[in-house]
Amino acid sequence: MMQKRTMEIGVGVFVAAGIAALVMLAMKVSNLAAFTNQQGYEITARFENIGGLKERSAVTVAGVRIGRVKSIVFDDKDYEAVVTMNIESQHDRLPADTSASILTAGLLGEQYVALEPGGDEAFLKPGGDIKLTQSAIILEKMVGQFLFDKAAGGGGKKEEGAAP
Amino acid sequence: MMDWLQRLGSTSLSVFERLGRGNLFLLRVLAALPSLVPRPGLVIAQLYSVGVLSMMLIVISGLNVGMVLGLQGYNTLVDFGSEESLGQLVALSLVRELGPVVAALLFAGRAGSALTAEIGLMKATEQLSGMEMMAVDPLKRVVAPRFIAGIISMPLLAAMFSAVGVLGGFFVGVGLLGVDSGAFWSQMQSKVDLYDDILNGVIKSVVFGFVAAWIAVFEGYDAVPNTEGVSRATTRTVVHTAFAVLGLDFILTALMFGNE
Numbered sequence: 038m039m040q041k042r043t044m045e046i047g048v049g050v051f052v053a054a055g056i057a058a059l060v061m062l063a064m065k066v067s068n069l070a071a072f073t074n075q076q077g078y079e080i081t082a083r084f085e086n087i088g089g090l091k092e093r094s095a096v097t098v099a100g101v102r103i104g105r106v107k108s109i110v111f112d113d114k115d116y117e118a119v120v121t122m123n124i125e126s127q128h129d130r131l132p133a134d135t136s137a138s139i140l141t142a143g144l145l146g147e148q149y150v151a152l153e154p155g156g157d158e159a160f161l162k163p164g165g166d167i168k169l170t171q172s173a174i175i176l177e178k179m180v181g182q183f184l185f186d187k188a189a190g191g192g193g194k195k196e197e198g199a200a201p
Numbered sequence: 063m064m065d066w067l068q069r070l071g072s073t074s075l076s077v078f079e080r081l082g083r084g085n086l087f088l089l090r091v092l093a094a095l096p097s098l099v100p101r102p103g104l105v106i107a108q109l110y111s112v113g114v115l116s117m118m119l120i121v122i123s124g125l126n127v128g129m130v131l132g133l134q135g136y137n138t139l140v141d142f143g144s145e146e147s148l149g150q151l152v153a154l155s156l157v158r159e160l161g162p163v164v165a166a167l168l169f170a171g172r173a174g175s176a177l178t179a180e181i182g183l184m185k186a187t188e189q190l191s192g193m194e195m196m197a198v199d200p201l202k203r204v205v206a207p208r209f210i211a212g213i214i215s216m217p218l219l220a221a222m223f224s225a226v227g228v229l230g231g232f233f234v235g236v237g238l239l240g241v242d243s244g245a246f247w248s249q250m251q252s253k254v255d256l257y258d259d260i261l262n263g264v265i266k267s268v269v270f271g272f273v274a275a276w277i278a279v280f281e282g283y284d285a286v287p288n289t290e291g292v293s294r295a296t297t298r299t300v301v302h303t304a305f306a307v308l309g310l311d312f313i314l315t316a317l318m319f320g321n322e
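If you read the protein sequences in the order shown, they are chains X and L.
Under the numbering used here, the first residue of the first sequence is numbered 38, with each subsequent residue one higher.
Under the numbering used here, the first residue of the second sequence is numbered 63, with each subsequent residue one higher.
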């Protein structure tokens, strides 16, 4: 005969584990998650267009991740996106003239912020601002530009090509 | 020719008769549920045998399914250079489909068959009639606690299955195959919606729990009271639950995600 207490503890563990699983699904898996604050310092950068950059996207230097995007807000004075990045505290020697660009991992991959260190003697301070930024490359724009160039410059070429 | 027609007729009639008995039985069990409120101990005892004892199976299966999803998903996604979407793939397949469905199938095999065998044997050994002689309603004392325990356990087990599966996918994807952990979680969080995906998954698992528990207790209560009858009822529980869960899953999926 099973002890009543053991059985009730077992049921308690079961229900608690079930509820914990539900909470984990809600908080960690779905979009409800409150952003967990990591140790580190923040820097901001302004972009004309962030493309598909999301919160929690990676921030890299030389391809190595050193932090994450914390928040992205739209500044309706300058019509720019303000990206706040959280950089791990051990990487506190970024030059003040570091530049930031938004790149894509692979052809269809996720977008991330790549930082390019400059040659300045002074370092970026917590809360500092990156001045040199390069927006995300929008594939549609590039294809449009390519087709436009082709159409504009292709008229003469076509005849040349067709002649022989 | 007439014999064949007669057989067809009697088979169809007995199918409808069983369906009718099952529905009347469900109504009687539902009517017996309020009598459990003053005696929660009965439900807790059944939660132990239905839920707690199934937990290990569910957790281990969930972990394995998640790990396999991680591996397979990675192998496919890496061809497109979009292995960052692995978290999204693992989480959506688990939360929407695999969690509720596989947990319900395992539940039918682990807990449903046990419920049927238990109730069927009680009937075969005339314990149920004995209770009636003592003016104890077996529906209130035996069937209702098992039924409600099944309905309560199923969503919890399905949630555990999904959660452990996501962790398994995380372990394989991030730990072994080197997907970026931030991209894994962020892609998952940006694409999995609390209401559209998680809540619908929970609704599915509640419906499956209801159906699985109903079939299990009905088959037990309706079993032919001898050894062979109980063994057949146990088999029918597993088979019918599997059919019902898979069929309902299609209908529920069409209703929930059909018009996106």
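Treat the hints with caution; some may be incorrect.
[To be verified] Straight-line Cα separation of at most 20 angstroms, DMTMM-like style, residue types lysine to aspartate or glutamate; simulated pairs:
(1) X:Lys-178 to X:Glu-158
(2) X:Lys-114 to X:Asp-134
(3) X:Lys-91 to L:Asp-255
(4) X:Lys-162 to X:Asp-186
(5) X:Lys-168 to L:Glu-159
(6) X:Lys-91 to X:Glu-79
(7) X:Lys-65 to L:Asp-284
(8) X:Lys-65 to X:Glu-85
(9) X:Lys-65 to L:Glu-159
(10) X:Lys-178 to X:Glu-92
(11) X:Lys-107 to X:Glu-45
(12) L:Lys-253 to X:Asp-113
(13) L:Lys-202 to L:Asp-258
(14) X:Lys-178 to X:Glu-117
(15) X:Lys-168 to X:Glu-45
[Unchecked claim] A few chain X residues that face chain L, going by a derived Cβ cut-off under 7 angstroms, partial list only:
(16) Ile-109
(17) Glu-147
(18) Ala-159
[Said to hold, decoys possible] Pairwise CB distance ranges (calculated):
(19) L:Asn-126 to X:Ile-174: 40 to 48 angstroms
(20) L:Gln-134 to X:Met-179: 46 to 54 angstroms
(21) L:Leu-239 to X:Pro-132: 45 to 53 angstroms
(22) L:Leu-239 to X:Lys-91: 32 to 40 angstroms
It should be emphasised that the hints constitute simulated quantities derived from the structure, not laboratory data.
Predicted model, so just to flag it, every value in this text is computed and none were measured.
C-beta: ideal position from N, C-alpha, C; glycine also.
Now the hints, each set against the structure:
no., hint, verdict
1, X:Lys-178 to X:Glu-158, "37 angstroms, violated"
2, X:Lys-114 to X:Asp-134, "24 angstroms, violated"
3, X:Lys-91 to L:Asp-255, "16 angstroms, holds"
4, X:Lys-162 to X:Asp-186, "43 angstroms, violated"
5, X:Lys-168 to L:Glu-159, "47 angstroms, violated"
6, X:Lys-91 to X:Glu-79, "16 angstroms, holds"
7, X:Lys-65 to L:Asp-284, "44 angstroms, violated"
8, X:Lys-65 to X:Glu-85, "31 angstroms, violated"
9, X:Lys-65 to L:Glu-159, "18 angstroms, holds"
10, X:Lys-178 to X:Glu-92, "24 angstroms, violated"
11, X:Lys-107 to X:Glu-45, "44 angstroms, violated"
12, L:Lys-253 to X:Asp-113, "27 angstroms, violated"
13, L:Lys-202 to L:Asp-258, "37 angstroms, violated"
14, X:Lys-178 to X:Glu-117, "18 angstroms, holds"
15, X:Lys-168 to X:Glu-45, "62 angstroms, violated"
16, Ile-109, "12 angstroms, violated"
17, Glu-147, "4 angstroms, holds"
18, Ala-159, "29 angstroms, violated"
19, L:Asn-126 to X:Ile-174: 40 to 48 angstroms, "41 angstroms, holds"
20, L:Gln-134 to X:Met-179: 46 to 54 angstroms, "33 angstroms, violated"
21, L:Leu-239 to X:Pro-132: 45 to 53 angstroms, "34 angstroms, violated"
22, L:Leu-239 to X:Lys-91: 32 to 40 angstroms, "22 angstroms, violated"
Figure legend: structure checked against the earlier numbered hints; hints not met, in rising order: 1, 2, 4, 5, 7, 8, 10, 11, 12, 13, 15, 16, 18, 20, 21 and 22.
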